[in-house]
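Asker: In UniProt numbering, the protein residues as written are 1 to 134.
Everything labelled a hint here was simulated from the structure, so no lab data went into it.
Be aware that one or more of the hints could be misleading.
DMTMM-like cross-link-like pairs, simulated, lysine to aspartate or glutamate; straight-line CA separation at most 20 Å [unchecked claim]: (1) Lys40 <-> Glu100; (2) Lys22 <-> Asp70; (3) Lys22 <-> Glu65; (4) Lys23 <-> Asp99; (5) Lys23 <-> Asp70; (6) Lys40 <-> Glu50; (7) Lys29 <-> Glu100; (8) Lys103 <-> Glu26; (9) Lys23 <-> Glu37; (10) Lys23 <-> Glu50; (11) Lys22 <-> Glu100; (12) Lys22 <-> Asp99; (13) Lys40 <-> Glu26; (14) Lys103 <-> Glu50.
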Amino acid sequence: MGLYIFVIAAAIAVFGILMMYKKNVERLKENPSQVAEVHKNFFISTALIEALPIVLLILGFVNVEPVPVDQIYLPVIIVIMLIAFSVFFVFLQRAVGTDEDSKQVVTSFSMIAIMMSNAIPIIALVFLFLSVQG
């Protein structure tokens, strides 16, 4: 169970941030002039959403025991699938219903969302690899 705390942290971060991205990108598609307000709301909500995953990552890292490499395969695969899902979801939302006047703003916001939603999963991958016996 010790390794799966990293997976849980990554899943909470990805799904929480993607929900806020979807809400904010719809507002941005309706009114592209609200860029500053949408970014502010997104960053504040992302900070709040990432609080629990950061605590879980720290707890997992403090309590991790060295494991053989074959025990991290499944957690690593799950985290990589979360990263792929995040990128796929953001690109899908960016492409659907975006008109020409809001396309550049939505694309810029989407790239920010990809980076924010994949930060915790990448840290989780690093911690998973650090837990391998040397």
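Asker: Does aspartate 99 lie within 20 Å of lysine 22 when you go C-alpha to C-alpha?
Answerer: Judged against 20 Å, a Cα distance of about 16 Å means the pair holds.
Asker: Going straight from one Cα to the other, do lysine 22 and glutamate 100 come out at no more than 20 Å?
Answerer: Holds, because 19 Å separates the two Cα atoms, which is no more than 20 Å.
Asker: Mind checking the alpha carbons of lysine 23 and aspartate 70 for me, to see if they're no more than 20 Å apart?
Answerer: Not OK: lysine 23 and aspartate 70 at ~39 Å, beyond 20 Å, violated.
Asker: Would you mind confirming whether the straight-line C-alpha gap from lysine 22 to aspartate 70 stays at or under 20 Å?
Answerer: Given pair lysine 22, aspartate 70 is violated - Cα atoms ~36 Å apart, limit 20 Å.
Asker: Is lysine 40 close enough to glutamate 100, meaning Cα to Cα at most 20 Å?
Answerer: Violated, at roughly 23 Å.
Asker: Decide if the proposed pair is consistent with the structure: lysine 23 and glutamate 50, CA atoms, cutoff 20 Å inclusive.
Answerer: holds, 17 Å
Asker: Assess, step by step, whether the Cα of lysine 23 is no farther than 20 Å from the Cα of aspartate 99, and give holds or violated.
Answerer: holds, 17 Å
Asker: Given the hinted pair lysine 40 and glutamate 50, is their alpha-carbon gap at most 20 Å?
Answerer: Judged against 20 Å, a Cα distance of about 15 Å means the pair holds.
Asker: Would you check the hint for lysine 40 and glutamate 26, treating anything up to 20 Å between C-alpha atoms as holding?
Answerer: With a Cα-Cα distance of about 15 Å, the restraint between lysine 40 and glutamate 26 holds, given a limit of 20 Å.
Asker: Are the Cα positions of lysine 103 and glutamate 26 separated by 20 Å at most?
Answerer: At roughly 12 Å apart (the allowed maximum being 20 Å), glutamate 26 and lysine 103 satisfy the hint.
Asker: Need the status of pair lysine 23, glutamate 37: alpha-carbon distance at most 20 Å?
Answerer: Since the Cα atoms of lysine 23 and glutamate 37 sit roughly 13 Å apart, the hinted pair holds (cutoff 20 Å).
Asker: Need the status of pair lysine 22, glutamate 65: alpha-carbon distance at most 20 Å?
Answerer: Measuring from Cα to Cα gives roughly 37 Å; hence the hint is violated.
Going through the hint list in order, the structure does not satisfy hints 1, 2, 3, 5, 14.
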